[in-house]
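**Student:** Once you have looked at the hints, place chain B on chain A.
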Amino acid sequence: MDFLWYLLIAVLSGVFAGMGMGGGTFLIPLITLLMNVEQNVAQCLNLLVFVPMAIITIIIYAKQKLIDFKNWWIVSIPACVVSTLGVLLAVNLSGKVLKIIFGGFIAIIGIVQIIVLIIKFIKQKKKNVKMAIK
Amino acid sequence: MKKWLQVLLLIALGVFVGFVNGFLGAGGGMLLVPCIIAILKMDTKVAHATAILIILPICVVSGVIYAIQGSFDFEVFLPCLIGTVIGGVLGTFILSKLKNDIITAIFSLTMISAGVIMIVKAVA
Chain A
16 MDFLWYLLIA VLSGVFAGMG MGGGTFLIPL ITLLMNVEQN VAQCLNLLVF VPMAIITIII
76 YAKQKLIDFK NWWIVSIPAC VVSTLGVLLA VNLSGKVLKI IFGGFIAIIG IVQIIVLIIK
136 FIKQKKKNVK MAIK
Chain B
3 MKKWLQVLLL IALGVFVGFV NGFLGAGGGM LLVPCIIAIL KMDTKVAHAT AILIILPICV
63 VSGVIYAIQG SFDFEVFLPC LIGTVIGGVL GTFILSKLKN DIITAIFSLT MISAGVIMIV
123 KAVA
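Protein sequence lines, in the order shown, are assigned to chains A and B. Residue 149, in our numbering, is where the first sequence stops; the numbers in between run on with no holes. Residue 126, in our numbering, is where the second sequence stops; the numbers in between run on with no holes.
Each hint should be verified, as a subset may be incorrect.
As the list claims (entries may be wrong) - Straight-line C-alpha distance at most 25 Å; calculated DSS-like pairs for lysine-lysine:
# : chain 1 : residue 1 : chain 2 : residue 2
1 : B       : K5        : B       : K43
2 : A       : K80       : B       : K43
3 : A       : K135      : B       : K5
Unchecked claim - From the derived model, a few chain A residues whose C-beta atoms are all more than 12 Å from chain B:
#  : residue
4  : L104
5  : K111
6  : K141
7  : K142
8  : N143
9  : V144
10 : K145
11 : A147
12 : I148
No wet-lab data here; the hints were simulated from the structure. Built from N, CA and C at the ideal position, the CB exists for glycine as well.
Next up, chain B with everything else stripped away, as it sits in the complex:
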């Protein structure tokens, strides 16, 4: 792939992922990984690691703007911050012990049901 095309695709990817991640407050990393693998011919592990670096400044910027707009709630934030760090450490240990496809299937089915419930609840 020509260098200029690669740069153009990366900028377009940034625009897309930035919008989604700001608008929905999540999902940027999931969209990034397959795209940077395709554009930069990266190894999956490198793509996962690099996606975190790409997403971090986006999360800081959009998180702070949400907070300025009045969406920050410290009483929810504190327990969630502690919980996420504990869970994150646990997750890295569990990862090596469980079969990946089964987790992906459970995760996907949970996402589908959660998504549908959210829509139904919002419409009803």
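Here chain A stands alone, though its shape is the one from the complex:
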């Protein structure tokens, strides 16, 4: 039964990921809140689950010439090195502290996105008013 629940939650977060909206930041809270999976297990899961989809997506995008192959490694190599430090810190923290930091992180991302949306909405309205005056 758990298998089906996991599957359902993953489909939902996969839909967001497919829309390019960060499915991972969705999968982790759902799976820890609804299924009581440990925070570090959910984080490990999210990183590895991303790999096959990413490979398929990269192949498709590369064919459409949408990938900048010149500069990516300048970001990726230092990132790989430092990410190991991040992991070691995460597994040595208590699950509770990690959950609080993660919760704060996704809440802030959500708030920033809402603010960006509101600014966009206001700009659109101003533009419409100007058009109406003209």
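**Tutor:** Showing chain B alone in chain A's frame:
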């Protein structure tokens, strides 16, 4: 922008995104896209695509280290892997049919509530 400054910013970005993505197991792509657009003056579509390539090796490295540290659970991994692939394919189809702002709003509100619930549950 001078080439050396650009390289320096890209390395700094890598350090930051690498740490966050390793520490929280997510979020790297979201941070990357606006930053590489600013530094490399990229088109949004190219930035999205390139961000996936940047993130992929980071996910492999940090995912494997999590697993070595004992955070891997195959019983959870298998259904989630299958589900994510199905959902990912569905998502790319839905994307072209729905209005983007509404999805972003729903997504953001869900993230805020999930974040708050996580904090409250952890503190309580």
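**Student:** Against this structure, judge whether each hint is valid.
**Tutor:** Right, here's what the structure says about each hint:
1. B:K5 - B:K43: The given pair, whose Cα atoms are some 13 Å apart, holds under the 25 Å limit.
2. A:K80 - B:K43: holds, 17 Å
3. A:K135 - B:K5: Between K135 of chain A and K5 of chain B the Cα gap is close to 32 Å, so the pair fails against 25 Å, i.e. violated.
4. L104: The claim is violated: L104 of chain A sits with its nearest Cβ about 6 Å from chain B, within 12 Å.
5. K111: Check fails; 5 Å does not lie beyond 12 Å.
6. K141: Holds, because the least Cβ-Cβ distance between K141 of chain A and chain B comes to about 17 Å, which exceeds 12 Å.
7. K142: holds, 15 Å
8. N143: holds, 15 Å
9. V144: Nearest chain B Cβ is 19 Å from V144 of chain A, so the label holds.
10. K145: holds, 21 Å
11. A147: holds, 21 Å
12. I148: Given that every Cβ of chain B is farther than 12 Å from that of I148 of chain A, nearest at about 25 Å, it holds.
The structure is inconsistent with the numbered hints 3, 4, 5, although it conforms to all the rest.
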